[in-house]
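There are 2 protein chains.
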Amino acid sequence: MKKSIALGVLAFSLATAASAQVKPEDQIKFRQAGYSFMSWNMGKIKANLEGEYNAKQVEAAANAIAAIAGSGMGALYGPGTDKAIGERKTRVKPEFFKEMDNVGKLAVNFNAAAANLAKVAASGDKAAVQKAFGDTGETCKACHDKYRAD
Amino acid sequence: MKKSIALGVLAFSLATAASAQVKPEDQIKFRQAGYSFMSWNMGKIKANLEGEYNAKQVEAAANAIAAIAGSGMGALYGPGTDKAIGERKTRVKPEFFKEMDNVGKLAVNFNAAAANLAKVAASGDKAAVQKAFGDTGETCKACHDKYRAD
Chain A
1 MKKSIALGVL AFSLATAASA QVKPEDQIKF RQAGYSFMSW NMGKIKANLE
51 GEYNAKQVEA AANAIAAIAG SGMGALYGPG TDKAIGERKT RVKPEFFKEM
101 DNVGKLAVNF NAAAANLAKV AASGDKAAVQ KAFGDTGETC KACHDKYRAD
Chain G
1 MKKSIALGVL AFSLATAASA QVKPEDQIKF RQAGYSFMSW NMGKIKANLE
51 GEYNAKQVEA AANAIAAIAG SGMGALYGPG TDKAIGERKT RVKPEFFKEM
101 DNVGKLAVNF NAAAANLAKV AASGDKAAVQ KAFGDTGETC KACHDKYRAD
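Chains A and G, in that order, are what the protein sequence lines are. Going by our numbering, 54 is the number at position 54 of the first sequence; the sequence numbering is gapless. Going by our numbering, 110 is the number at position 110 of the second sequence; the sequence numbering is gapless.
Among the hints, a few may not be true.
No distinction is drawn between identical chains; accordingly, a pair holds when it is met within one copy or between any pair of copies.
Pairs of lysine-lysine, BS3-like flavour, derived with a Cα cap of 27 Å [unchecked claim]:
hint	residue 1	residue 2
1	K98	K126
2	K119	K98
3	K89	K119
4	K23	K89
5	K93	K131
6	K83	K119
7	K119	K56
8	K146	K56
9	K89	K131
10	K93	K126
11	K126	K89
12	K83	K131
13	K46	K23
Source of the hints: derived by calculation from the structure; they are not laboratory data.
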């Protein structure tokens with residue numbers, strides 16, 4: 001447990017010189033883009049589970065979610081990104097920046113669930129995808145409930 | 001050649017019942033999110049190539065680009081998405097929707113280049129990544145030059 005939290009904090013605070021060059025307003029824009037694109041793909045998987053199941057589409061959607069989740073989005077929560085910058089609004093709550101141990105834990109859970117969803121989706125097993133999809137949604141919700149304003 | 005064009009059109013017009021449910025304004029939003037998130041990751045790879053090279057960060061960035069590219073974004077160019085919808089603007093040119101054979105070809109090229117970039121990034125070979133990154137950028141530019149307004 002301690003190890004996974006430490007890894008999470010590491011993963012979530014991974015801001016190298018490279019990504020640190022991104023302006024705060026662009027950090028907000030890019031993180032919102034990532035969540036938006038993941039939501040489209042979650043929606044596709046949901047529609048496939050509720051309707052005609054296209055294993056290839058589900059696999060591609062799950063791969064996108066897992067790769068976005070694993071791309072080091074923690075670097076997009078740098079200094080100055082805790083509130084709106086001009087037109088660029090954000091729903092992140094102030095607590096997010098004060099509870100990085102917990103945020104790191106949630107990030108690890110989310111990454112693991114998304115990676116598992118991609119793995120299961122590649123198998124084409126609809127029932128297993130249903131389970132992994134629900135698990136992933138729970139990890140999204142865990143962070144939204146605590147750190148995202150309505 | 002003919003086969004790859006046909007595959008491209010197929011990939012690019014892949015709008016199943018599932019994804020067809022997305023409202024036109026949301027299709028524009030999601031496709032912009034995808035391109036935006038890819039641009040962040042292209043920027044990270046560029047910064048790594050020009051500065052300190054972090055192979056893990058490059059691999060994760062390349063995976064995100066490849067998975068987004070392969071997620072069936074053609075479904076986000078449905079009817080009614082050829083011009084702005086309310087506040088949701090788009091830079092896509094009308095020609096895009098009239099030249100789907102060529103768009104399909106460009107999409108196939110882009111997907112192949114992004115998949116190759118991810119493959120090469122996993123090897124950790126910086127020189128090979130430099131080449132694959134340039135090739136991927138060319139396939140982005142090929143579409144932007146022809147079908148994206150300034």
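We went through each hint and held it up to the structure:
For the identical chains of this complex, K98 and K126 are neighbours neither inside a copy (39 Å) nor across copies (37 Å), given an alpha-carbon limit of 27 Å. Taking identical chains as interchangeable, the C-alpha atoms of K119 and K98 are never at most 27 Å apart, the minima being 33 Å within one chain and 38 Å between chains. When the C-alpha separation of K89 and K119 is checked against a cutoff of 27 Å, the pair qualifies neither within a copy, at 34 Å, nor between copies, at 36 Å. Taking identical chains as interchangeable, the C-alpha atoms of K23 and K89 lie at most 27 Å apart whether they share a chain (14 Å) or sit on different chains (23 Å).
Within a single copy, K93 and K131 get their C-alpha atoms no closer than 30 Å, and across copies no closer than 41 Å, so neither meets the 27 Å cut-off. Neither within a single protomer nor between protomers do K83 and K119 lie at most 27 Å apart by alpha-carbon distance, with minima of 36 Å and 37 Å respectively. For the homomeric pair K119 and K56, the shortest alpha-carbon distances inside one copy (13 Å) and between copies (20 Å) are both at most 27 Å. For a Cα distance limit of 27 Å, the shortest separation of K146 from K56 qualifies neither inside one copy, at 34 Å, nor across copies, at 30 Å.
For the homomeric pair K89 and K131, neither the shortest alpha-carbon distance inside one copy (34 Å) nor that between copies (37 Å) is at most 27 Å. In this assembly of identical chains, the alpha carbons of K93 and K126 never lie at most 27 Å apart, being 36 Å within a copy and 39 Å across copies at closest. In this assembly of identical chains, K126 and K89 lie within 27 Å of each other by CA distance neither inside one copy nor across copies; the values are 38 Å within and 37 Å between. Within a single copy, K83 and K131 get their C-alpha atoms no closer than 35 Å, and across copies no closer than 39 Å, so neither meets the 27 Å cut-off.
In this homomeric assembly, K46 and K23 come within 27 Å of each other (Cα to Cα) only across copies, at 16 Å, whereas the closest approach inside a single copy is 34 Å.
Consistency note: the structure conflicts with the earlier hints numbered 1, 2, 3, 5, 6, 8, 9, 10, 11 and 12.
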